[in-house]
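Protein chains: 2
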Amino acid sequence: MNVVIVFTHPDPHSLNASMLNVCVDELKQLGHAVQVSDLYAMNFNPVVARSDFPLLQPDERLKVAQASKTGYASSNLTDDVQAEIAKLKWADAIIFHFPLWWYSMPAILKGWVDRVFACGFAYGVGEHSDAKWGDRFGGGSLAGKRGMVITTTGGWKEHYSPRGINGPMDDILFPINHNVLFYTGAAVLPQFVVHSADRLQMGDFPVIEDALRTRMRGLFTDPTIAYRQQNTGDYDIPSCELRTALGAPGASGFSLHLKDNSPDKAPRFD
Amino acid sequence: MNVVIVFTHPDPHSLNASMLNVCVDELKQLGHAVQVSDLYAMNFNPVVARSDFPLLQPDERLKVAQASKTGYASSNLTDDVQAEIAKLKWADAIIFHFPLWWYSMPAILKGWVDRVFACGFAYGVGEHSDAKWGDRFGGGSLAGKRGMVITTTGGWKEHYSPRGINGPMDDILFPINHNVLFYTGAAVLPQFVVHSADRLQMGDFPVIEDALRTRMRGLFTDPTIAYRQQNTGDYDIPSCELRTALGAPGASGFSLHLKDNSPDKAPRFD
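Here the protein sequences come in this chain order: R and D.
Reminder that position 253 of the first sequence reads as 234 in my numbering, one-by-one numbering, no gaps.
Reminder that position 244 of the second sequence reads as 225 in my numbering, one-by-one numbering, no gaps.
Chain R with its partners taken away, still in its complex shape:
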């Protein structure tokens, strides 16, 4: 199988870099083909700008979704973006690997998403009407592929627990797991998280390495998060609100979008 790892860390000797090496080694031992987009090493430009859209006329307003759609449909996006889209099409699994900065992706990775997840490829896919609102949330260009987040935090595991002050890690990562990866069609594996990364000692690494190798071995077989699909009857269309019969009475929030009785309803960490 084919695996692309979108990797983000500014220090080539970081914990994250060591973890990346473990992932690549294990995946290759398993016979998979691996491509790494090492965004810092590539000096990837993360800023959406007019120059992303060569077809845009000098006096034309930049409406990003529209320019992206036109550029993608006619293969007139920039070479760096086209190369990343080609990797995603090639991949059977897509891993986002990054340190959690301010409870989200570092800017260079966020901008990779902003630029590479083009309109017509990652959003604006399929029929949009009163009867259907796109191929998304379980359908779309990444359908049939798997997605996964690998991340590290400076903060304590307890701070990300169900009652932790940061909010639960499942909820912190929902905008990525559910709203980026699952949105575009990927089946999403539970995240792999290393907490208190700045406080680790060298002797802690073998445990991390073992756990990572196990997760890489399960990349194509482990159960994925049981998110509800948009277009299989759970949601009213086009409002995309969960049907009133579903979910616990009075419930709201991210956990509504897990299937009822899903094991993923239980708090889950790294």
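Just so you know, nobody snuck in bad clues.
Since the list gives no way to pick one copy over another, a pair counts as held whenever it fits inside one copy or between any two copies.
Pairs of lysine-lysine residues, derived as BS3-like cross-links and limited to a Cα-Cα distance of at most 27 Å, are as follows:
#, residue 1, residue 2
1, Lys9, Lys68
2, Lys240, Lys138
3, Lys138, Lys113
4, Lys50, Lys138
5, Lys138, Lys44
6, Lys44, Lys113
7, Lys70, Lys9
Everything labelled a hint here was simulated from the structure, so no lab data went into it.
Model, not experiment: these values are computed from the prediction.
Given chain R, work out where chain D should sit, using these hints.
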């Protein structure tokens, strides 16, 4: 009073740019001083890198928090970062104004946070011990100031409703409102959101303008979101988990971090 607006949009003729003009005009009419950090116009560099830390030796590993702390403490961060920190210290209110891209900030704004929210200024502030875990979540360098998000979405309001497939807007913005603005001490106003931005007509703008002017008039008087403070007894220290007596039984997730019986427990949109 002093207001800084950190503004993000690549098109100077965008809806967001028009909204910015309204905000600035109203704030000035009210007698406030306003500084705008227009990140695209400034060509702001959003990528944390070695060059951010002039004190770092060529053979020294880049540990971001440590380098940031050393640089901030000795006023050895780059000029662009120091200038933004100075604006934040000057401000009585800080507004993040951006289009919501992939359920979060555009990369150029995310990187502004990554770079400007330095260690010792925005995090790593105060005593860290078994008895106290920093001045944060209601305390910190931005204590006494107000924070607010102004944003626009391509998606429908219903898609961000309590049962909407994207998740509720309050939860989508929690990593920013609670974990960036409140974390650093600011009291956070409810967000101002314009949905379905690409489908608006020119005739829709006066309603947006009126609502924005009203919100600007209330910037220093409107009730803020009733988040629980970390260091006033609601949380166990240093685990920073909400004390078991607080919150609804069995509850977890972001809404736990609102005070019991807070009006903000109710679903709330734009």
